[in-house]
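Undergrad: If you read the sequences in order, they're chains A and B. Counting in our numbering, the first sequence runs from 1 upward without gaps. Counting in our numbering, the second sequence runs from 1001 upward without gaps.
Just so you know, the hints here were simulated from the structure itself, not pulled from any lab data. Take these hints with a grain of salt, some might be off.
[Claimed, not checked] Straight-line alpha carbon distances no greater than 25 angstroms define the calculated SDA-like cross-link-like pairs of lysine to any residue that follow: (1) B:LYS1305 with A:VAL305; (2) B:LYS1351 with B:ASP1219; (3) B:LYS1305 with A:THR252; (4) B:LYS1351 with B:TRP1282; (5) B:LYS1305 with B:PRO1132; (6) B:LYS1305 with A:LEU306; (7) B:LYS1281 with B:PRO1132; (8) B:LYS1281 with B:LEU1162; (9) B:LYS1305 with A:PRO248; (10) B:LYS1351 with B:PHE1451; (11) B:LYS1305 with A:PRO48; (12) B:LYS1305 with B:ALA1240; (13) B:LYS1305 with A:ASP249; (14) B:LYS1305 with B:LEU1233; (15) B:LYS1281 with B:LEU1406; (16) B:LYS1351 with B:ILE1408; (17) B:LYS1351 with B:ILE1410; (18) B:LYS1351 with B:PRO1400.
Computed from a predicted model, the values in this text were never measured in an experiment.
As a plain string of letters, each chain reads:
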Amino acid sequence: MKKTPVWLARFTPMSTAGTLCALAALSCGSVGERAPAPGLLPHGGVGPFRDLSADETGIVGPPDGLARALTPDALDGVALTEAGDLYYAGAPLAAAPTPRPADLPENDVHWGAFAARRIYRAVGDESPSFQAGSVVLMAEAPWEGEALEDPCPLSMPDGRTRLYYAAAGGIGLAEDAGSGFSRVSAGPLLGRVFEGTAREGVPGEPSVVVGPGPAYWLYFSVGAEIGVARSEDGLSFTDVRRLDLSGPDETTSPEVAVASPGAVALTTRAGQRIVRLYFESVRADGSHLIYLAASDNGVDFERSVLPVDAALDKRSPAPRQVDERVTLLYATAPAIGAGRQVRGLVASVAPSVEMLPALR
Amino acid sequence: MSRALALILTFGAAWSPAPALAQAMDTFGFGSRSAALAGAVTADVEDVSANYYNPAGIVRGAHARGSGLRIMAGTFVAAPMLSINGEDSRVEPIHGLVTGLNVPGNIDTFRFGFGLGLHLPNQRLSRSLAPPRDQPRWEFYESRPHRIYLAANLAIQPWDFLRIGGGIAFQSTSDQDLAIRGVIDFLQPEDASRLEHRVTADLLAIRYPQLGVQVDPIDALSIGLVYRGQVSLGGTLRAAVDANIDLAGIDIPGTFLLESESVSLFLPHQVSLGATVRPTKWVRAMAELTFVHWAAYESPVGSFKADLNLDIPAQLPLEIPIPDIVDQSPVPASFRDRFVPRIGVEVDAHKSHGLTLLGRAGYLYEHSPVPMQRGSINLVDTNRHVLSLGIGIVLDDLEPLLPGELVIDIHGAYAFFPDRLMRKSSLLDPYGDYVAGGGLWNGGLSAEVRFR
Chain A
1 MKKTPVWLAR
11 FTPMSTAGTL
21 CALAALSCGS
31 VGERAPAPGL
41 LPHGGVGPFR
51 DLSADETGIV
61 GPPDGLARAL
71 TPDALDGVAL
81 TEAGDLYYAG
91 APLAAAPTPR
101 PADLPENDVH
111 WGAFAARRIY
121 RAVGDESPSF
131 QAGSVVLMAE
141 APWEGEALED
151 PCPLSMPDGR
161 TRLYYAAAGG
171 IGLAEDAGSG
181 FSRVSAGPLL
191 GRVFEGTARE
201 GVPGEPSVVV
211 GPGPAYWLYF
221 SVGAEIGVAR
231 SEDGLSFTDV
241 RRLDLSGPDE
251 TTSPEVAVAS
261 PGAVALTTRA
271 GQRIVRLYFE
281 SVRADGSHLI
291 YLAASDNGVD
301 FERSVLPVDA
311 ALDKRSPAPR
321 QVDERVTLLY
331 ATAPAIGAGR
341 QVRGLVASVA
351 PSVEMLPALR
Chain B
1001 MSRALALILT
1011 FGAAWSPAPA
1021 LAQAMDTFGF
1031 GSRSAALAGA
1041 VTADVEDVSA
1051 NYYNPAGIVR
1061 GAHARGSGLR
1071 IMAGTFVAAP
1081 MLSINGEDSR
1091 VEPIHGLVTG
1101 LNVPGNIDTF
1111 RFGFGLGLHL
1121 PNQRLSRSLA
1131 PPRDQPRWEF
1141 YESRPHRIYL
1151 AANLAIQPWD
1161 FLRIGGGIAF
1171 QSTSDQDLAI
1181 RGVIDFLQPE
1191 DASRLEHRVT
1201 ADLLAIRYPQ
1211 LGVQVDPIDA
1221 LSIGLVYRGQ
1231 VSLGGTLRAA
1241 VDANIDLAGI
1251 DIPGTFLLES
1261 ESVSLFLPHQ
1271 VSLGATVRPT
1281 KWVRAMAELT
1291 FVHWAAYESP
1301 VGSFKADLNL
1311 DIPAQLPLEI
1321 PIPDIVDQSP
1331 VPASFRDRFV
1341 PRIGVEVDAH
1351 KSHGLTLLGR
1361 AGYLYEHSPV
1371 PMQRGSINLV
1381 DTNRHVLSLG
1391 IGIVLDDLEP
1401 LLPGELVIDI
1411 HGAYAFFPDR
1421 LMRKSSLLDP
1431 YGDYVAGGGL
1441 WNGGLSAEVR
1451 FR
């Protein structure tokens, strides 16, 4: 006789069907759901930077990313405080402007058409753009010559604002304790550098940060190079040396100079104090590209292989670290103001997916 | 270079398929009883979850309790709360169905059993992610749970104290092709282009073995050993763009071919050794150690090749500089093997006629196999501590409605991911140093009918 397996004898269709139905009721099914968008990712400030749109700045260009309405005045050498106030060198139209030289490069400003440059301050607000500023400092001392250029503000813990600037004789310093800027010393903080060498020259385009050490690090341009000096108090700078910013370069036109250092210091998640140095790379074909180099000791830098911005003529990079993810990069770009070649203030942001106006 | 070209090249260079690693049962458990015990059940599992934890247990229940067919169905849900630098990573929650059955039998005194187990996420059948190569991603939690798992097993009990089981497990993966054709407007690529695309995806199944043994040297002690085989499945993602660039009415034919190869699915060898002691008839304590061979994982980031061709008409005096697209090679994972300790305890909290209540708790620790991500690749993972709790309700006086027992198990678990700092070698790393961490809640309910 065929034996029925034991388990079949105890297994009835009705109880099984009912059981399966009951168990199936426990299951749930749904049509496929859309996955959520990825979360915000960290960003190392290396770009690529995206020009802010007119919706973000409230100002319509050209140029792209215009962050201050064009005026007949000329603007040059920009920098920002951590809180977002803008300092720049500018000048109104001269009473008797001289003709533009024929051999002046197309996008360069003919400063002979303008009065002596002085330093302006424009107070920031919720937006990344600025109104026209007011004059805070003009050339006075004999060593300064006629013009003040390339301001670099530094907010101090006690509320003072230090203003480093370039002039004919070197780099000077003024301070504002709340009642206006007054000069700290009668002469330049840093006069001629690399004396007795082929690199000897007057430093300009200062950019000062409190970086690794901790110490004050003053980055400046001299000739076709960028140098650095160190200070314990931000007043007396020593250990002046040239920065080696060489590195792999994938751009076709060779580099002929580096200039306009724009430094920002920050502390990484690993607790490391580093300096990010944005600078101009001047090319043989006349383009001015913005690169980034970073250092954990203020002196030895690792340089980016590619420019951080796609523009072929942006100058005077001025970074502002909004938070550990977002970097705003201000600069100047060619523009036409009142029929003259000037340079407009432009702003870009990285990571490029970041949409402003959430800034402050 | 035109924005249109930039669009194509950026699209191509960024595309790098991300593989899924391991399986959801390792993370969330299979069946609420076993999940509540942190998976430390290799030695004496006997319910439908034996189809994952130890196939030998399929035939155990029939001998231990005189039960016959077992059918289980349940649901699970998991809610990750993972972050990088304090920003929510938005790892997708997952929910789905687990089900299975154990069918015991005997030929004279020779006992055997057959089992099936199914883990079915109900959001989608399969999921593939293709983020940029260097984009930080939670390697074990983004695609890993979104896969179907099916196991079919056979178990025998040659002697009363020895059970042996084995079978085949199936996982799903997919292979994709993307084709794009049309016209790209050179001057207004985003607004005036006319493109159509076709995606072809094949859902594939891969198989790997699993074997298990349970030994009861004495009544109060059970020992179990299980092995799960390794699977490494390569996948290819191909994209072909066949489009004309429209430059103010002049057509420039072009093609762009992309091929990315990577490991689309990797399951490491696993060996688990566990023991369960029953000091009294109402307490069971489990401990288990699992070895996971992650060092065999070659690379989660595969190779990438691309080829761009433009046929510029002779009448067009135009030079379009096309930058070199550098082929990319696989990046070694350098994962480390790990041991995963698990412990669990189950207590008969209440026993009366027709009703038994059980309480359960478990803990496991997983040390991350992922090394410090100092380079350009960012596979995010941290160590994991999991604490689980659960209850079981056994109703065994249900005749004539049900000729057997109805067992309802509920579990909840919390996984804690301590913050881990990823420190980069380069100060110019696109993402910089970052801290990853967070938590993960999961829970579920399963109901099993055990026919007598």
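Undergrad: Hint by hint, say whether it matches the structure.
TA: Do the hints match the structure? See the list:
1. Taken as a hint, the LYS1305 (chain B) and VAL305 (chain A) pair is honoured in the structure, with Cα atoms around 22 angstroms apart against an allowance of 25 angstroms.
2. As the CA atoms of LYS1351 (chain B) and ASP1219 (chain B) are separated by approximately 21 angstroms, the hinted pair is consistent with the 25 angstroms bound.
3. Note on LYS1305 (chain B) and THR252 (chain A): the hinted pairing holds, with a Cα-Cα distance of about 24 angstroms set against a maximum of 25 angstroms.
4. For a cut-off of 25 angstroms, the pair hint linking LYS1351 (chain B) to TRP1282 (chain B) stands: about 9 angstroms separates their Cα positions.
5. Among the hinted pairs, LYS1305 (chain B) with PRO1132 (chain B) is consistent with the structure: their alpha-carbon atoms are about 14 angstroms apart, no more than 25 angstroms.
6. A distance of roughly 21 angstroms separates the Cα atoms of LYS1305 (chain B) and LEU306 (chain A); the hinted pair therefore holds under the 25 angstroms criterion.
7. A threshold of 25 angstroms between alpha carbons decides the hint, and for LYS1281 (chain B) with PRO1132 (chain B) the separation of about 56 angstroms lies outside it, so the pair is violated.
8. A hinted pair counts as satisfied when its Cα atoms are at most 25 angstroms apart, and LYS1281 (chain B) with LEU1162 (chain B) qualifies at roughly 21 angstroms.
9. For the hint pairing LYS1305 (chain B) with PRO248 (chain A), the CA-to-CA distance comes to about 23 angstroms; that is within 25 angstroms, so the pair holds.
10. Between LYS1351 (chain B) and PHE1451 (chain B) the CA atoms are separated by roughly 20 angstroms; this keeps the pair inside 25 angstroms, and the hint holds.
11. Distance check on the hinted pair: LYS1305 (chain B) and PRO48 (chain A) sit about 23 angstroms apart at the alpha-carbon level, within 25 angstroms; holds.
12. Using a Cα cut-off of 25 angstroms, the hinted pair LYS1305 (chain B) and ALA1240 (chain B) holds, with the two alpha carbons roughly 12 angstroms apart.
13. Straight-line distance between C-alpha atoms of LYS1305 (chain B) and ASP249 (chain A) comes to about 23 angstroms, which keeps the hinted pair within the 25 angstroms bound.
14. This hinted pair checks out: LYS1305 (chain B) and LEU1233 (chain B) have alpha carbons roughly 19 angstroms apart, not beyond 25 angstroms.
15. Among the hinted pairs, LYS1281 (chain B) with LEU1406 (chain B) is consistent with the structure: their alpha-carbon atoms are about 21 angstroms apart, no more than 25 angstroms.
16. The straight-line distance between the Cα atoms of LYS1351 (chain B) and ILE1408 (chain B) is roughly 15 angstroms, inside the 25 angstroms bound, and the hint therefore holds.
17. Simply put, LYS1351 (chain B) and ILE1410 (chain B) have alpha-carbon atoms about 18 angstroms apart, close enough for the 25 angstroms limit, and the pair holds.
18. Restraint check for LYS1351 (chain B) and PRO1400 (chain B): the C-alpha separation of about 21 angstroms stays at or below 25 angstroms, so the hint holds.
Figure legend: structure checked against the earlier numbered hints; the only hint not met is number 7.
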